[in-house]
Every structure is written in C-alpha cells, then in structure tokens.
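**Student:** The residues making up each chain are set out below.
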Amino acid sequence: MNVRVKFRKYGNLKYIGHLDVMRYFQKAMRRAEIPVCYSEGFSPHMIMSFASPLGVGLTSNGEYMDVRVEESPSSAEAVSRLNAVMVEGIEVLSWRALPDKAGNAMASVAAADYDVRFREGYAPEDGWQERFRIFMGRPSVTVIKEGKKGSRELDIRPLIYDWNICGDVIFLQVSAGSASNLKPELLMKAFSESEGMELSPFSLMIHRRELYADQGTEEKRRLIPLEMLGEEIGRA
Amino acid sequence: MRNLALSDEILLTVDKPARYIGGEVNAVMKDPKTVDVRFAMCFPDVYEIGMSHLGIQILYDMFNRRDDIWCERVYSPWVDLDKIMRERKIPLFALESQDPVKDFDFLGITIQYEMCYTNILQILDLAQIPLMASERTREHPFVIGGGPCTYNPEPLADFFDLFYIGEGETHYFELMDLYKRWKASGAPREDFLKMAASVPGIYVPSLYTVSYHEDGTVEAMMPVCPEAPAKVQKQVVTDVTNTYYPEKPVISFIKATQDRVVLEIQRGCIRGCRFCQAGMVYRPTRERDLDMLKKSAYAMLKNTGHEEISLSSLSSSDYSRLGELVNFLIDEFGSKGINISLPSLRIDAFSLDVMSKVQDVRKSSLTFAPEAGTQRLRDVINKGLTEEMILTGAGQAFEGGWNRVKLYFMLGLPTETEEDMKGIAHLAEKIAERYYEIPKDQRNGKCQIVVSTSFFVPKPFTPFQWAQMCTKEEFLHRAYVVNHEIKDQLNRKSIKYNWHEADVTVLEGILARGDRKVASVILRAYEKGCLFDSWSEYFHNDLWLQAFEECGVDMDFYTVRPRAMEEVFPWDFIDIGVSRRFLEREWKRAQKGTVTENCRQSCSGCGAAVYGGGVCFER
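So the sequence lines, in the order shown, correspond to chains A and B. According to this note's numbering, the residues represented by the first sequence are 1 to 236, in order. According to this note's numbering, the residues represented by the second sequence are 1001 to 1619, in order.
One or more of the hints may lead you astray.
Heads up, simulated EDC-like pairs for lysine to aspartate or glutamate below, C-alpha to C-alpha not over 16 Å straight-line [to be verified]: (1) B:Lys1357 / A:Glu40; (2) A:Lys27 / B:Glu1308; (3) B:Lys1472 / B:Glu1429; (4) B:Lys1102 / B:Asp1068; (5) A:Lys27 / B:Asp1259; (6) B:Lys1302 / A:Glu231; (7) B:Lys1336 / A:Glu33; (8) B:Lys1030 / A:Glu88; (9) B:Lys1336 / A:Glu231; (10) B:Lys1016 / A:Asp20; (11) B:Lys1336 / A:Glu70; (12) B:Lys1592 / B:Glu1308; (13) B:Lys1255 / A:Glu120; (14) B:Lys1231 / B:Asp1503; (15) A:Lys101 / A:Glu231; (16) B:Lys1472 / B:Asp1503; (17) B:Lys1517 / B:Glu1474.
One side only, chain A facing chain B, incomplete, derived with CB under 8 Å [said to hold, decoys possible]: (18) Glu219; (19) Arg221; (20) Leu229.
Covered stretches of chain A, as calculated for chain B (at least 3 residues, CB under 8 Å) [stated by the list, open to error]: (21) 21 to 27; (22) 87 to 100.
I should point out that these hints are in silico values taken from the structure, not numbers from a laboratory. Small disclaimer: the values here were computed from a predicted structure and weren't measured. Positions of the beta carbon are idealized from the N, C-alpha and C atoms, including for glycine.
Working from the sequences, and respecting the hints, build out all of it.
**Tutor:** The structure is reproduced here in structure tokens:
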C-alpha cells in the first residue's frame, strides 16, 4: 500500500537539507515501527519518495512524501506514533492511503503557495508594497534563468497564479513541479532589480504553505492539496 | 523553540549548519536551574567525526542519568565558522543549551589522537578560557582530559587542570560530588585540584614538578603536595557487563562518519602486538556478556532507527561467543533491512561464511593486517599472523567469489631490513598468484590487491617505547623500496600501493613521546595558524618546523635518539597495571625475534591481573 505523508518543517530544522530530512525519516519510520517496504538486493533501502525538495533556510507547512508500507495502522495512530519519535522542528500532519492509480507525489506537484517576507533591515525603501503591486501589474516579467544548457530568457509572469500582500507578507501561488517550477527568489530578484537594488542572499524569509496537484484541464486549473489525493485510514 | 547561539545569517553562510544547532534525536535537554553541575563534553574535531565516537556517547548517557548533572556536547567549529567566531568574538557554545562553554563547571576533552592537539587550543581559545591552566580563576571551568593520549599527557600538561587516566565509568561521579562540595564551600580553585588529586585515576599536572638531566631526559617527577600520589593508577571497569552503556545514542541530522549502532563487545586485546598501545593500555581483556549485548543491540536499534549495526572491539574474532552473537544479529535483524558490519575479523572459514551472509561478496573487499612483510619481522612485533594463514584465508575467499584484498603494513619497525620491506611486495605477489591459480572461467575478472603502509610511531606503554624512529627521509626511502619491488613483479598490474605521509608521522612521534617542553611548541604552532592537523589539506608542516625552531626544541631528541633501558620516561608516573618489567622483557624478546603467547594460550605475567577481572581470571 502506498501512503502519502504530510509534514511541517519549522524552527531550527530549516538548517537541515533535503537529503538529511530523507535520512531522518528513514530512521523515524523504524523508530515508530512502521513496516515500510524495502527494495531488493544486498543494500535494501526504504521505498520512499519526496514531493519537492525544500531548500536550506526555508520553512514549510506543506511538505510531502510517499512511502510504501506492508500494512498500515490507522491514520490517527500512524500520525501519533510518528510524532512520538519526532524532534522539535518536524511534525507529521497527515497519513493517507493513496489509490493504486495515483501518481507519486513528485510527479503530481503542479503548484505551491509561499509566504515571502523581507528580513529586518533588508526591505526596500518605504512604500515598496505599492510598488510591488505596480510591478505585478506588468504583462510580463522577463528574467534570465540559468539552466544546464546555459542561460536563457524566461517570462515568469504566467507562472504566478495568484498573489497578494498583507502587511509585510507577500503571498504567492506559483507553478511548481517538474514541468515549470518557479522559485519565489527569482520573482523577488526581478522586483529588487526594478527597485534598483541587488537581492542579497539573506534578504528573504520564505515559508512554503502548501503543495498542490492540478486536477483540472488545460484551459482551467483545479488545484487541490496533495494530501487530498489520499484517503484517511480508519481503525481496523 | 530553542534559541541558537549563532544568527540566521551566520548559519546560512557556513557549510553544514546542522553541526551547530543541536536538537538532534535523543539529545538530552534539562533545565539549567535544576542542575548543580554543567559539564561540556568535547571531541576536538569536526562534528561528523566527534559524533561517531562511542566513548562520549557512553559518558554523555552516564552523566545525564544524574538529575544534578547536565552533560552537553561540543565539537570543533570548522574553519569557516572558526573565522567568523574570532572576528565577531562569539564565545564557543555547547550544542544542547547553546550556552557559552566558559560558564560551565567542567570542560571535558577526549584526546584520541596526537594530531588534534592544536584543535584543543582552538576549543579553549574560542571558548574564551585562558589557554594556560595556571591563568584560570574560580570563574573558569575546570578543563579535564581523557582518552588514549592521556597515557602520555605531558605535552598537554600546561593546558589542562586535570586528566582522567583510564575508563570514565569508574570514578567520575566521585569527582562530581567532590566538586559540588568544593563549589558550595567557596574555597580557592587550588583546593579543588588537591581534593581531586586523591580520586583514583585523577592526575593534576600542576601538583607535580619535573626535573631533567643535563642531556634533557627526565630525572624525576615529584608531587608537590601530599594529596598528589607519586603514581597515578589507571582505572578500569572490571565488570563490563553490569555498567553504563547507552540505549539511546544521539543521532546526527547530517551523516556522521559512524552512522550506525555501535556495539562494543569487549575491551582490551589478548594478542600483545608489541607496537600496539591499545593492546597494552586497555588490559586486561574483558568481554561483555552475550545477553547484555543482545538486549543492547535490540534497544539501540529501536531507539535510533539506524539501518546498520557494527561490532566494536580491537579483535572481534577473539570474542569467545562471536558465532552466537553474529547468528543472533543475522536472524533477528537481517530480515528487517538492517545491515550488519563486522570489522576487525580474522579471515578464516568462519568469518568468510558469516561475511558472505551479510554483504555482497563482489562489492566488498577482505582486509588483512600482516603489519610486516616477513615472518622474521612479524615475530619481532609479535603479530601472530603467518603467511600460511594469509594465503589460506585469501585462497578460501577467492574460491568464495571475492577478488579484492586490502593489506596493511607498517614501515620503519625496529630491526627492519631491506628484505622485510621487499617482503611486503612478495607477500602481495603470492596472494595475486594464489588468485590466478583459479581457472580463468571460474574467477571473477582480475584481482585487486591494495597494499597500504603507514610509518611506525613508537608509543608510550608499549614494548617499543624505547625504539628509535626513522627520519622522514628514511621513511620515504623505505616506501620507495616497497614501491620499486612491487613494480618489478609479474602481477604489478593487480597490485596498488599507497603510503602514508611522512611529515605528519614524524610530528606524531614527537607528540606521542613528548615531555612538558613540547607544550610551548604546540602553543606556538597554534598561534601560527595550525589547526585541523589531521586533515591533510590543513596540515602545515612548515609552520610546525618554524615553531620547533623558534621554541628551541630539538625534534630529533624525541624521535631518532636511542633511549637507554633505564631512562625515566615522561609517562612513567602512570601505572597501567602492565609493569615496566614486562615491557622491558618484551622489548628484549622482540630483538631476538621471540614470540610471546597470547593471554588465552598462557599468562605472560604482564601485571594487568591486579585489576582482578577479565581474561586473567577466565580459568
């Protein structure tokens, strides 16, 4: 059975990179005595895959991984068993069975929600919120994207599905996943340049709120949180 | 949320910030207001190395069982953070509380290898604790050293308030209780040091004076007060079964060098190789009970979630119930995706059978440590491994599908001749020949034999403590002889040869058998920027040479000088149980090439029986 696990990464765990979070969960599964399936061979590894790696320095309320288990306790029990062996900084939020035909988390990701704010002392001059609104009103935002085959120009405006500003917090809903992934930094870099300043690597504090799959058509998106593709497991 | 000592900006600038944040699974948190003693336990190397050390995990667990003590961990900040901490004067902090180490009651430093000595000064310096013990006041922590290098603590004597000679499980609580009494009394710092000196195994360097002969050798070492014993007795745990062993070791977020459960099956070694310090100072050999190990393995795997368990000891094949233990581990955990790792096994039919069950034969290699190239020299060093045993073991392994062999040797051993050096090449050649005896259609391609030589460093409390060390040039010459001989042989394409660096070996030799005069050189080298000397990319031999020059300390005095049988050594004030008489006898037998039987074959009367336990009382 494949299970989708949603978790939150907060506080000091933002300094732990993606690969280490993976190792962390492999050990946590064993501590919680969850019977995860292993691959064959002399060095078997857990069958486990993550939706979308979160960079070092970011926090998130919407991280996902899929695991294959031999059998599953109820969702409530799995969540409580896992949380009993977590450290401060990671909390398991949900544990849901995936239907057989469901794609894996990584392939399903289509969009992500982010909260972006400027770190104290790094914000542009006063009134930047209004200027950000004007900036977002542009029909296109062209950036230079560094890729494996050299750099190329890219219009990122169509990759932003929704946005707003509330106080000092910029909310962004952007395209994510293997097809076209927009990192919020790229947009903020373009905005900073329009402000005539260079974005220093520490200016932003970024928090991921949710990851979505797209169940709509080519014409119309229908974004639903990745966890909604799975179903709660009741008590046997 | 725990507050961190370093800002977000610093943590996002440095490599692997997880080294500095604490908060790992099984890390112990306490309320500082409820404890009487704050103990910072330090491994003076980078986090991933330090976190792999079993001894600290044992003591961390032991201390934290007491409600009135909070033991936390400290490791060397890597060079990137080191620079930032100096520039911004950020005091070194402990991982759990993130509080400055200078506010602790104790700073315990485990001293595992000589090349970490400058890192010890870095720890003190970054912690803002005076480097010289004599300059510390009541406001500073007591700095206490432990671990294998304390069997000659003299080069570090100026920097430490105390040393703990022996195994920490025995008298640490007694020391802590004395400390609490001293702290409550408001008495001067010196008073605690005197009280501590009466605890078995505790050495307080400031309570001794050393006098020297005109030739620079030690004349005598005398206590300056009645509390300090003339001889400091090494302390050992007699019953290694009913003692402290962690059930919940701390698990790092980033991959530690030992990212696995470590099960220490025994302490000490029955073999008595004459170059080996561990083989002497950890006597007598003591085995843990099989049931305790089974329970321990189960609990540690459950509490860590590690995917691998490794046995730890100096010579696992000598553990009397190894077969039962290994079969238990395979039966119990093998099917649950747990890897079983068995280092330090002698290669024979039993170990090959076991290894073929727990690892992929084609991907793994076999390790032999003949240490010397000829039987004559192996007899000199008392390494009871014969050419026949090696060729038989290798032959069985090749028939079983292995085709990779690693061979470890030392160059520069006492009495070594050119014949012995060439013998290394010849032994590798014979192993290759043995492989190619297997019909072509039955073997697995070419064989790969990797020969590695380290350079011999005489260590205190070994029969070779009197030995002259080679010069750097001589070491390199010997490596050249081996290399040349290998390249002249028929199977040279199947044999790869690596040798160790000679500069660092010479330095290790000086620090290993150094006296109090070497302290000034360590300090000078540190001031010149030496740090992480055990990392070859950060080792600056030129700075060390300058430091010796500037301090007027003669390197050759500690390395190539012949030592008379009756010479008083800087470490002679320590009593390890094994007597000087025994070491002298072994040194003489070595020169005659006479083998001494291991502890199970017959007792050689080394003296370790005074501890009243272990292999000495097996029958």
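**Student:** Now tell me if each hint is right for this structure.
**Tutor:** Each hint, compared with the structure:
no. : hint                  : result
1   : B:Lys1357 / A:Glu40   : holds (15 Å)
2   : A:Lys27 / B:Glu1308   : holds (11 Å)
3   : B:Lys1472 / B:Glu1429 : violated (27 Å)
4   : B:Lys1102 / B:Asp1068 : violated (19 Å)
5   : A:Lys27 / B:Asp1259   : holds (11 Å)
6   : B:Lys1302 / A:Glu231  : violated (29 Å)
7   : B:Lys1336 / A:Glu33   : holds (11 Å)
8   : B:Lys1030 / A:Glu88   : holds (15 Å)
9   : B:Lys1336 / A:Glu231  : violated (28 Å)
10  : B:Lys1016 / A:Asp20   : holds (11 Å)
11  : B:Lys1336 / A:Glu70   : holds (12 Å)
12  : B:Lys1592 / B:Glu1308 : violated (45 Å)
13  : B:Lys1255 / A:Glu120  : violated (33 Å)
14  : B:Lys1231 / B:Asp1503 : violated (34 Å)
15  : A:Lys101 / A:Glu231   : holds (13 Å)
16  : B:Lys1472 / B:Asp1503 : holds (6 Å)
17  : B:Lys1517 / B:Glu1474 : violated (26 Å)
18  : Glu219                : violated (41 Å)
19  : Arg221                : violated (34 Å)
20  : Leu229                : violated (28 Å)
21  : 21 to 27              : holds (count 4)
22  : 87 to 100             : holds (count 3)
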